[in-house]
Amino acid sequence: MSDELEARMWDDGSSRYESRSRGPYFESAFASSEHLDRAPLLSEETYTDVPVSTESDVEHCHWKAQAEPPSAVPQLFTALVLCGIFMICELIGGYLAGSLSVMSDAAHMLSDCGGFALALLAFHCAKRRPDVAMSYGYKRAEVLGAMLSVLLIWILTGVFVYVAVVRLHTGEYNIEPDMMMIVSGCGVGFNVILALVLHGCGSDIAHHHTHGGAACAHAHAPSGGSPRGWRLFRRNRDHKQANGALVNGDYTMKDLAGVEANVVGSQPRNINLRAALIHVIGDLIQSCGVLLASILIKFYPEAKFVDPICTFVFSFLVLLTSARVVRDALAMLMQAVPKQFRYRECVSSLSQLSGVRHVHSLHAWALSTHHIVLTAHVAIDELTDPEVVLRACQQLARAEWRVSSATFQIERYAVRMRSCPDCGLQPAHTP
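With the sequence shown counted from 1, adding 36 to any position gets you our numbering.
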């Protein structure tokens, strides 16, 4: 044992190493850490006798790493009502005009209504708190809602493609171009309004964040320097980052807040809003095409075959625009590393913490577009206080990587960790 360490025995038989010199590795994360060491586990005294820190930057083990976006329920409900009304009008108009493309547009409106309803249901489910049966809660409901919404439009698209093939084969067309022009013109205007409503709603969510208070994603440090207990000691104390976050080896809460502010604007848009907006954009494109087709049929009656051909073109565009939503939803269901999460930078930042020798078994996945989960094993040397390293890791996860839940296993370093094939990850496979 180093002569700078002293083992102290407590009355309850527990022991703890203390540093006589109070070096940086042993700087206490709390002024009351000795009370925490003596506090009995699984006892009511744990909650009554242990002093609670009053520092503004210290929180419980749960935090909101990302500010909750404002609710999109009013906008989605308004879109659902308007879409339902116009769908009925368009279906009647398409039947009177005898236009397959207009009725297929009405069917896409029906899929929009279903998508909006699923999005509202997903928002409601995502608000439910975790329980013993669903330990992560119901945040994945929005991913399932987006998948079901896209599946609905794919089914309807297949039905109308089949009907269009039958019309081309039989050559039977009963089309009223005047009624077709009126309905498709109204459809263009309606879809423009609906797209603006949903795009404005999505933009608010994508750029929303809040500051201040213990419930926010970060707290600011006093102007006098880094608060006690949150000093992240780096191996290279002369190292300076380009943004000035490191000053004399200290990574302050104010610096972490600045890092967070740079990341807020890059939050991904809610996947259900993206799916709903894609539905509307597809309908807008289809309404424009139907309007052009109706004008062509009006002046060239022999060109009625354009109506089913438009259905083919629009169906392909709808499938093309919905493919990205499906890809992102499948990535979440496959527990893929989120695109906005920088995996290698995360490993590098943890490895640079003072006393950390190796980081392995790091996993990151997304429960939804705004909730990221992180787990990692952090191996430290013999002279490092695990409590200080744990607090430092939690701070990085909270402010720099913006995760909703982070779990770190602090363990003693062993040489075999660097050669273990199960501890590391293979390079990503490119499709």
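Derived by calculation from the structure, the hints in this document are not laboratory data.
Glycine residues also receive a C-beta, built at the ideal position from the N, C-alpha and C atoms.
Treat the hints with care, since some could be wrong.
Derived CB-CB ranges, DEER-like [unchecked claim]:
id	residue 1	residue 2	range
1	167	458	27 to 37 Å
2	195	455	29 to 39 Å
3	352	131	31 to 41 Å
4	353	205	40 to 50 Å
5	109	356	53 to 63 Å
6	157	210	36 to 46 Å
Hints and how they fare:
1. Look at residue 167 against residue 458: about 32 Å separates their beta carbons, and that is inside 27 to 37 Å.
2. A beta carbon spacing of about 57 Å between residue 195 and residue 455 contradicts the range 29 to 39 Å that was offered as a hint.
3. In this structure, residue 352 and residue 131 break the distance hint of 31 to 41 Å, their C-beta atoms being roughly 25 Å apart.
4. Our hint of 40 to 50 Å for residue 353 and residue 205 is violated, since their Cβ atoms are close to 23 Å apart.
5. Under the hint 53 to 63 Å, the C-beta atoms of residue 109 and residue 356, about 29 Å apart, miss the expected range.
6. At roughly 39 Å, the beta-carbon separation of residue 157 and residue 210 lies within the given 36 to 46 Å, and the hint holds.
When held up to the earlier numbered hints, the structure conflicts with 2, 3, 4 and 5 and fits the remainder.
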